[in-house]
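Chemist: Quick note on the UniProt record's numbering: the sequence shown kicks off at 1 and runs consecutively.
Hints should not be assumed to be uniformly reliable.
[To be verified] Pair by pair, the computed Cβ-Cβ distance ranges are:
id, residue 1, residue 2, range
1, Gln120, Arg171, 19 to 29 Å
2, Arg220, Ser170, 40 to 50 Å
3, Pro113, Asp167, 21 to 31 Å
4, Glu34, Pro58, 20 to 30 Å
5, Ser70, Val23, 19 to 29 Å
6, Arg38, Ala225, 15 to 25 Å
7, Asp128, Pro201, 43 to 53 Å
Just so you know, these hints were derived from the structure itself, not from any lab.
Treat the numbers as computed from the prediction; the structure is a model and nothing was measured.
Ideal Cβ placement from N, Cα and C applies to all residues, glycine included.
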Amino acid sequence: MVAKRRGQVVIVSIHDVAPANLVEVRWLLGRLDELGARPRSLLVIPSDRGEGDLGRFPELVETLQAEVRSGSEIVLHGFTHRREGPWRGSLATRVRAAAFAREDAEFASLAWPDQRARLQAGRQLLRDLGFEVSGVCPPAWLSTPELPDLLRELSFSYLVEMLWVHDLRSRRRIAVPWLGYLGAGPVNETLVWAGAALLRPWRAHAPAVSVFLHPQGASRSPACARVLRELAQLLRERRPVTYGELLDWPT
Numbered sequence: 001m002v003a004k005r006r007g008q009v010v011i012v013s014i015h016d017v018a019p020a021n022l023v024e025v026r027w028l029l030g031r032l033d034e035l036g037a038r039p040r041s042l043l044v045i046p047s048d049r050g051e052g053d054l055g056r057f058p059e060l061v062e063t064l065q066a067e068v069r070s071g072s073e074i075v076l077h078g079f080t081h082r083r084e085g086p087w088r089g090s091l092a093t094r095v096r097a098a099a100f101a102r103e104d105a106e107f108a109s110l111a112w113p114d115q116r117a118r119l120q121a122g123r124q125l126l127r128d129l130g131f132e133v134s135g136v137c138p139p140a141w142l143s144t145p146e147l148p149d150l151l152r153e154l155s156f157s158y159l160v161e162m163l164w165v166h167d168l169r170s171r172r173r174i175a176v177p178w179l180g181y182l183g184a185g186p187v188n189e190t191l192v193w194a195g196a197a198l199l200r201p202w203r204a205h206a207p208a209v210s211v212f213l214h215p216q217g218a219s220r221s222p223a224c225a226r227v228l229r230e231l232a233q234l235l236r237e238r239r240p241v242t243y244g245e246l247l248d249w250p251t
């Protein structure tokens, strides 16, 4: 077995944790257990598509409680994960939203007051269920420029983007070259795999890398199976940590 390199870590995250995806989320958790990928970061949607809060779904709450007890973390992943209006933000953000997250990029479609209200509501909903949340990953990793300052105002510790983790306390930006499974159609999976291939040389030497997994269709997807095989190789040399742990890791 190859020894893990000092300081090199991998953050494994499951996105879109919501009642509708519970079966596939549990399937992914089982595969990650087999690989020894623990702890992990679970990106939870408090009110998926606006159809009610997590408190109405005890099976999912129990799954999350078990994960937290074993060292995993809960990350706020928007509030509804649903687009609410015209795109906002930079041109690049709007193009990415229109091309890859047409109905999902919630925080690239909200004005500042609405973002603030949803962040507060989502955190409180999770807190009422016993989960403390210190980090945010906006749906599709897309948001407007004011989000970092808004998160600081609300005392969140970090913001997850696709290629970066922002330590909001120190204003430090940590690179996390990635690979992952989108749970989307074959065209999008091919594009994300091509992007991951371009990042491979960087991943080989980066102190921290990110592996993201979406539950949609995961158990039946060759693309997801391929990412899990790559993750198995990464875990031979890297220690799994959560996003929260990454902030204090000597990378």
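Chemist: Looking back at the numbered hints, which does the structure fail to meet, lowest number first?
Modeler: none
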